[in-house]
Every structure is written in structure tokens, then in C-alpha cells.
Amino acid sequence: MLRTVMFTLVAALVSLDITVFGQFMVSRPLVCGPLFGYLAGDIKTGLWIGMIVELIWIGSIPMGAAIPIDVTTITILSTIWSIALPGDQRHGIAILALALALPAGALFRQLDIALRYFNIRIVHWIEDGLEQGKDGRINRAIHIGLLLVFIKSFIFYITLSYAGIWLLSHLLPHLSETLLSGFELAWILLPLVGFGMVVVNFRSDKFPYFR
Amino acid sequence: MRSMNGNKKMLFTIYWRSFFIQALWNFERMQNVGFAYGLLPLIRMLYPDPEKRKEVLLRHLGFFNVHPYMVTIIFGIVASMEKDLTEGKSVTPEEITMLKANMAGPLSAIGDTFFWATWRPFTALLGASLILFFYDVNTFRGTWLPPLFFLVSYNLIQLPFRYWSLKIGFQLRGRIVRVIAGMEFQRAVNTIRYAGLFVLAIVLIYYLAVFAPGFNEKVIFGAFFLLTLLFGYVRVPPLILFYGTVLLAVGLAWLGIY
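Protein sequence lines correspond, in order, to chains A and B.
Using numbering that gives the first Met the number 0, the first residue of the first sequence is number 0, and each one after it goes up by one.
Using numbering that gives the first Met the number 0, the first residue of the second sequence is number 0, and each one after it goes up by one.
Among the hints, erroneous ones may be present.
[Said to hold, decoys possible] When the alpha-carbon atoms are kept at most 25 angstroms apart in a straight line, the in silico SDA-like pairs for lysine to any residue are as follows:
#: 1; chain 1: A; residue 1: K133; chain 2: B; residue 2: L57
#: 2; chain 1: B; residue 1: K217; chain 2: A; residue 2: H142
#: 3; chain 1: B; residue 1: K53; chain 2: A; residue 2: V199
[As the list claims (entries may be wrong)] Residues from chain A that keep clear of chain B, each with C-beta distances beyond 10 angstroms, as calculated:
#: 4; residue: M0
#: 5; residue: T3
#: 6; residue: L106
#: 7; residue: K151
#: 8; residue: I154
#: 9; residue: Y161
#: 10; residue: L166
#: 11; residue: L167
Hints are computed from structural coordinates only; laboratory data are not their basis.
Glycine included, every Cβ here is placed at the ideal spot set by N, Cα and C.
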């Protein structure tokens, strides 16, 4: 219980780095994977999951107003879930966790969009304040913005860490040996997909601005 | 001399505040609050009269959106222009608003291309290759090396760039366009791109040598890599590629091939 709360606090802090503070890349899969792997007690699983997610989604970037699927969520949840689950086929379990974490990443993105619509109200609140000469509202609004993302992430991660582990531990006994060995194969095939995405990302026709 | 130190302190304040540029990103005016937040200390200093200050702050709450790293250039230019405006030099508020709108597009294109699409993938690829090279070495204890290497090498470029571009924007203003053009981002992008492809070739060969046990596996893995390349080029989304690969692997296991 206390461990999960600690994971979630760290996850909520890290999630600030995605958009609202700094972009120092602490929230990238390559960093989050090993970080949460270390916290949960299996750094190697975290490293591999982080590498897979980082490379496969290497080309999805927040251009202009576009918001891509949240790779931070995918990495954090699949790492925590897969390490918490019992079983011998460790790599197969990790792929199962990943497959379930992708919808969670899409959900996180939807919540992010909802919050960015809610922020419009705060903008109007600032403007009303400025009309009355309260320019300190700008500072306070920034703090509110950070706090909202923190709270949103905290609730999201604590709910989904429990829900995911509950769901996966009920699902796992029903899965056949063959299915899990297929997942084990996916564990070593997925980095190849990542390599392919790196080549596609570095292709020459991708940079229209400089042409 | 005193005003020089004052400028430096102010620039550092703006630099720190520029990290929060997206803290209140909204679908109506995007980074407007972040921009006003960055300039607030300067505007409070320049306009002791609350009535005039209100006007300026409302002006900066208009639509604004730029790549989060490139915003410091605009902060630098706007800070210098706002200063001139209070000193009665030939600057109008409309010019400042225009400049914000006109520079955001081209600067975002540079930021997206260089930082998001080139420098981050490149440092991430180097970090990932460290994971692969050391994954099976049980005596090696440097599991922190890949993420640390990625963080340090990535931020080594962007953090100084953000401060430097703020300073140079403040000093040079409009002339900064020539500095940016002279930096030859395109050359850097091309070089890093080819370096990235070179590193990837080594990583791929190493992967096939170490992680594909027999000759048959090496051939299958190699063919699978080419297949993902093909799907990637026709822009199949990563999500589909992920589930497709898992399905394929399960199919192979079910058929007893693997």
C-alpha cells in the first residue's frame, strides 16, 4: 500500500515534465522504465520496456497543438504491473502488461485534453483579476496549473496501478502456455519494430521546412 | 555597470520562468498565460502604475504558441522591446504583438525538427544501444548508465541553448534572424541523421548476432525488420504495429514455429 502510494507520488511528479514544467526528458520511457523498475525491484525489465516504448514511439512528437499518446503512462504502468505479477515467464508477462497499458496511455491523453479545455476558465479568471488590478493571479494560475496536472496524474496512476494488477492477476491464470510463449517471442521482436521506426524517423523526406 | 547586472538578473528570472511556459496550456490561447508569467517581473519593474501595467499584461494574454525551447528567443526580443517602449524609443505595442505572431511559426519548425525529431531520437538511440550492449553482461553494474547518458547528452544541448538564445535575443533583437540562419540547423540535422542511421546499422547487426540464436532466426528477424520498415514508410501507426507484432508472435508460437 505504502509502496504503491510512493510509486504514484513519483509518477505524478515525473508527469509534470511531460508538458507543464521544463521538458528535461525525465518523463521519457528510457528514463521512466529503469526508474520505476528500480523502485519496484527489477531494473532490467524496466530498461527493456523503456527501450521498446521509446523506440517504437520515437516519431510521435507534440507538434503545434497536437497531443500524442502518452508514452510515459505506458512505460510506468506496464513496468509496475509486470513486476508485481507472479509467474515464471517474466518477459511474456511484461508484454501482456504492455498490451494493457496502451489503452491507459490513450486514456491519459484524453484526460490531458479535458484539462486543457478546463484551463480556458482559469484564463478568464486571470483576465477578470487583471481588470481589478490583481496581477498576482498570473503567478497563482501557473501554480494551479501545475497542481491540477499533479492531482490528475496522482489519481490516475493510483487507480490504474490497482485496477491493472487486479485485472491482470485474474487474467493470467486463464492464459495458455502457448500464448505466453508467443508473448515471450514478442519481447525480442518488438525492439526490431523500434529499429524500423528509428530509420523511418531519420528518413530524408521528413523535414519540409528546410527544403 | 549596475544596469548590466540588473539585466543579467532579469534574464535569469525569465529563463527560470520559461520552464513553466506550458503550465497553463489551454485550447483557447495556448501558451498565453505562460508567456505573461515569464514577463511579469519585468513588467512590474517597468510599470509601477497599476493601470498601465494592466494594459500591458492583457496585451500579452493574447494567443501564443511556440516550441517550448524556442520561446526564450522571443522572450529575449520582447523583453528588450518592452524596455525600449517605456524609454520612449521608436517601438509600438502593435509591433511587439506582430513579432510574437510572426516569429512563432518558423521558430517552432526549427524546434520541432531539431529537438523533437532529430536530437532526442538520436540521444535516445544511443541510450537504447547502451541497454542492448550491456543487457546480458551480468557482472556489469552500470544499469543507470543508459538513462543517465540519455539525460545528460540531451540536456547538455537544450539547457544552454535556451539561456544563450534568451541572451542573444535580448541583445540582437531582429538581427537574431541572421544568427539563426548562420547556425545551419539543416546541416546539423543532416549530420545527426546520418550518424543516427550509422549507429542503428551497428545496433541492428549486434542485435541479430546476440539476440537471434540460430541462422534461421537471424533470417526471420532480418526479414521482420524490413517488414516493419515497409509498414513504417506507409505510416502505419505505432499502436497497430505493436499489436500486430504481438499477434504475429502468438501466431508463430501457436503454429509451433518458435
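Evaluated hints:
no.	hint	in the structure
1	A:K133 <-> B:L57	12 angstroms, holds
2	B:K217 <-> A:H142	53 angstroms, violated
3	B:K53 <-> A:V199	49 angstroms, violated
4	M0	27 angstroms, holds
5	T3	23 angstroms, holds
6	L106	13 angstroms, holds
7	K151	13 angstroms, holds
8	I154	19 angstroms, holds
9	Y161	24 angstroms, holds
10	L166	17 angstroms, holds
11	L167	15 angstroms, holds
Of the numbered hints stated above, those contradicted by the structure are hints 2, 3, listed in ascending order.
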